Amino acid sequence: MTDTTAAHQPHPHLGGRAAALRTLAAWRAGTADVPRTVLITGDSGSGRTRLLTAFLMLCDPAARAGIDTAALDPATVPPADLPAPPVFDATGVTAVQLRWLLADHFAPGTDRADQLPAVLAGLGAGGRPQTVVVADADRAGLLPDTEESARITGEVLLPLALNPGVRLLADLPRAEAERLAKDVPDGQLLVLDLDQDPWSDPEALLRQAELAVPETTSARQLAAVAGTPLVVQLAGWSFKARPDGPLPLPRSAGDALDLHAERCGSDELTLRRLLAPLALAGPGEPLPLDLWAPVASAVAGKDLGPALATGRELLLPFFDLVADEDRPPGVRIVHPAVADEIRERLGRTAREVHRRIATALLATLDGDRPGRWADAAPYVREQLPGHALHGGLLDQLLTDPGFLLHAEQDRLRAAVDRHAAEGAELPPLGRTWLRLAPLFTRQELGVELRAALLDHAARQDGLPGIDTAGVDVPWRTLWARPLTGVGAVTAAVRPDGSHLLVAHRPGQEPELAAHDARTGEPDHTDPSSSPAPTASSAPPGPSDSAPAATTSGSGSATPTAPSPGRSPPSCPPDRWPAPTSPPTACC
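Per full-length UniProt numbering, residue 1 is the first one in the sequence shown, and the count goes up by one each step.
Some hints could be false.
[Said to hold, decoys possible] Taking lysine to aspartate or glutamate pairs in the DMTMM-like style, the calculated list, with each CA pair at most 25 angstroms apart, reads:
#1 Lys302 to Asp326
#2 Lys302 to Asp290
#3 Lys240 to Asp197
#4 Lys302 to Asp324
#5 Lys182 to Glu147
#6 Lys302 to Asp244
#7 Lys302 to Glu268
#8 Lys302 to Asp366
#9 Lys182 to Asp33
#10 Lys240 to Glu215
#11 Lys182 to Asp197
#12 Lys302 to Asp267
#13 Lys240 to Glu313
#14 Lys240 to Asp320
Note that these hints are calculated values from the structure, not bench results.
Note that the structure is predicted; figures quoted are calculated from it, not measured.
Input sequences plus hints: build the corresponding full structure.
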């Protein structure tokens with residue numbers, strides 16, 4: 001209950017939940033009557049995130065400075081001498097990524113995935129308890145409908161809850177909270193279910209309804225019927241969008257959609273079709289306004305442009321407008337609970353809807369020109385992997401090097417991993433990309449280096465080199481391309497001490513072709529008169545262990561170890577081909 005008095009005001013960001021705040025403050029203080037692990041749960045839209053945010057404001061010295069804590073119930077305020085706890089936001093991340101976030105914070109220098117379980121198990125060792133806050137576990141995952149929240153529970157939250165050196169606070173769905181409660185010994189975990197006593201707050205819900213609706217009787221009716229603060233919010237916005245007529249009294253997010261469509265004189269199917277692109281998108285970039293009409297029309301199979309243009313009142317309660325100086329305006333669904341309702345109603349048609357959305361996004365690409373993927377909207381490159389996965393189009397996209405290089409790499413990896421886990425046979429180039437995906441995602445490599453590595457890996461796997469047109473690939477990364485007629489590559493030194501790379505071309509005139517070792521530019525120095533570089537004169541760089549290319553019995557260039565006293569060209573070791581590679585050069 002709220003039970004505020006004239007002496008104790010409610011939290012300015014929250015307006016209630018005093019009982020829950022008291023428990024959270026006691027957890028932060030480490031009092032004996034509150035277990036090490038506290039879970040905040042409830043129905044979607046019950047205010048879990050808002051409660052956690054309000055509490056963390058009181059824990060952070062900077063945010064706390066803007067709150068008159070003297071006016072609050074002292075039992076709801078955590079100790080001022082404690083630092084802000086580390087908070088790990090699970091929104092849009094996988095369980096593996098969340099474990100890496102924890103490792104980067106608590107064990108910097110961790111560089112192997114197999115070390116992550118030991119990092120979680122070792123937190124708080126040596127009698128120094130560690131505090132961990134995990135926010136929005138229900139919003140985990142780079143793709144919708146992938147049950148990433150369950151993986152977060154099993155792979156991250158459970159090990160933390162079982163670790164006696166960790167004090168854990170997390171908000172998560174009710175099913176996951178119940179699962180954790182079964183696996184953690186009695187007395188070590190407390191669940192705050194915001195829809196059940198003593199953590200529910202009907203008084204705060206009533207005050208919210210009174211602010212949303214001007215008429216007291218209607219506000220009381222709404223507070224009595226609505227299941228969560230989100231439903232009250234949607235009903236209030238419905239009333240503001242269309243003030244005439246009786247107040248809608250929805251019980252759920254689905255009711256709010258249907259009643260508002262009826263209130264606006266529209267059919268609920270049109271409303272749901274307009275919102276489907278927002279509801280089926282993963283976290284990240286908002287849907288650009290100029291894409292809303294064509295994508296929604298693709299979902300409906302007819303032109304919804306006029307309905308969107310005249311649908312301000314119809315759509316107002318259910319989307320947020322995102323305005324940013326660095327990008328065009330876009331829109332997002334107002335709350336995950338609304339998205340869940342729309343996805344659930346789609347049922348078996350969800351696959352076809354995803355396919356239509358993916359097709360509409362592909363239609364925004366500029367023809368077949370080489371740079372079309374580089375010029376694609378960030379939203380397209382980010383959201384297309386998820387829609388293609390769920391719509392059955394991923395296989396054909398995995399044959400397109402441009403898609404593999406320019407799609408958002410973390411999201412693409414999640415989609416390909418999911419596709420492979422379902423037993424799908426990936427196209428050859430898709431398998432090659434997946435082999436490199438951990439490097440691409442963990443190291444956050446740029447598109448030029450991704451292109452170079454994918455091109456080389458494709459050749460290692462016996463595939464044709466990829467088309468890197470439209471990508472500015474540095475000349476040094478082109479070494480794995482077969483050079484027709486080249487039998488060997490070696491190094492030489494100019495009279496001025498600079499270095500050359502020399503290719504032997506049997507039967508051609510001249511047989512020796514020299515190139516500058518640093519720039520790759522052709523050089524007209526007579527290579528036969530230039531000595532080989534010595535160790536002391538070799539150009540600086542990580543090349544001391546790099547192989548030098550020599551002619552094999554078959555006439556192709558294969559790398560061998562450098563001779564004593566000689567240094568190979570300045571290409572880094574990891575850029576030299578395997579011994580079975582075809583003739584190659586560094587220029």
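The hints, checked one at a time:
no., hint, in the structure
1, Lys302 to Asp326, "32 angstroms, violated"
2, Lys302 to Asp290, "17 angstroms, holds"
3, Lys240 to Asp197, "32 angstroms, violated"
4, Lys302 to Asp324, "31 angstroms, violated"
5, Lys182 to Glu147, "19 angstroms, holds"
6, Lys302 to Asp244, "31 angstroms, violated"
7, Lys302 to Glu268, "16 angstroms, holds"
8, Lys302 to Asp366, "23 angstroms, holds"
9, Lys182 to Asp33, "20 angstroms, holds"
10, Lys240 to Glu215, "13 angstroms, holds"
11, Lys182 to Asp197, "20 angstroms, holds"
12, Lys302 to Asp267, "15 angstroms, holds"
13, Lys240 to Glu313, "9 angstroms, holds"
14, Lys240 to Asp320, "15 angstroms, holds"
Going down the numbered hints, you'll see the structure goes against 1, 3, 4 and 6, while the others check out.
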